[in-house]
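Engineer: In order, the protein sequences belong to chains A and B. Numbering (numbering that gives the first Met the number 0) for the first sequence: 0 to 156. Numbering (numbering that gives the first Met the number 0) for the second sequence: 0 to 190.
By construction, these hints were calculated from the structure, which means they are not laboratory data. Backbone N, C-alpha and C define an ideal beta-carbon position, used for all residues, glycine too. Don't take every hint at face value.
Reference excerpt, derived from the structure (chain A facing chain B, CB under 10 Å, subset only) [said to hold, decoys possible]:
no. : residue
1   : 8
2   : 47
3   : 52
4   : 60
5   : 64
6   : 65
7   : 68
8   : 72
9   : 73
10  : 87
11  : 91
12  : 98
13  : 105
14  : 120
15  : 122
16  : 128
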Amino acid sequence: MTVYSFYIFDRHAECIYKRRWLPRPTSVGGKPQTQAGLGQTVRAGDDDAKLVFGTVFSLRNMVRKLGGEEDNFVSYTTSQYKLHYYETPTNIKFVMLTDLKSPSMRIALQQIYINLFVEYVVKNPLSPVEHPGGVGVNNELFEGSLEQFVRDQATFR
Amino acid sequence: MSTNKASRIGEEIWKTRVDKVNAELVTLTYGTIVAQLCQDYNSDYQEVNKQLDKMGYNIGMRLIEDFLAKSGVGRCANFRETADMIAKVGFKIFLNVAPTVTNWTSDNNQFSLIFDDNPLADFVELPDDGRAQDELWFSNILCGVLRGSLEMVQVQIEAHFVSDVLRGDDTTEMRVSLVRYIEDEMPPEEE
């Protein structure tokens, strides 16, 4: 299994954390691919974060219209990648893009929230309550643990 | 979700997933904060109440995440469920008390929490200056905590104390009113 990228969106619909591990499949868009190497952090506020947010936001609203307020979508699959989604009751959205072989990452995303985000971001007294532009999320403990967590989940090639 | 089920969840989390600290440490620390505020604001108790509420609000905004992480509960279906969740799970796991939910208005938008036991107020006597008894809400930080944490799950409320045993009342009662449910925020328009 390979993890391509990971995003966190806050309740203000802002991307507060974004990380890419491997280049995405080459057929995405006509844009030249940035060769994001292993473990490279890409600055928040880039275009694809907005697209991802728009997608999960609309999809989630549609799912709720069809399946009732309690319903939530878990993942979707294209011929190139799989998008996993987890949303907390506080409207923080966790999104992960992986390859097709990946099993459901819902539990993993929930673990990231409980064991990494709450522990290292929310409980960090020096981190602000809101994270405009990713302030407070991009701390060493969180990033390091996330890196480790994803490594444990995936076998990189 | 019934009140009983909420109680069971609260009990379970309290037993298995919460790090405990000495209760007296909490009581004394909180008492010191209130005493310091009274000093800082020259016994302007209205202002002290306001500051406590504000501190609570800031605590609540973070505490809710810890609450969700520990409890793993989802969204409440209605305000009655929210009330049980606050009383039987929230207060239980953070303060090991479970206030009684009562005095609902007929529209289900207002309820009272009756605290039989309030760990913040142990050993406390309000200042004997003839005003504190009428003006200071010693545990006002709790109102702020509720307001802050519920706001993060899109429930806007108003909370205030209506009686306190410290003031010589028979019970300690907090009144909580639903203001509105907050809509999801949309992403900003592209410029």
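Engineer: Where does the structure disagree with the numbered hints, that is, which hint numbers, in rising order?
Structural biologist: Of the numbered hints given earlier, those the structure breaks are 2, 5, 6, 8, 9, 12, 13, listed in rising order.
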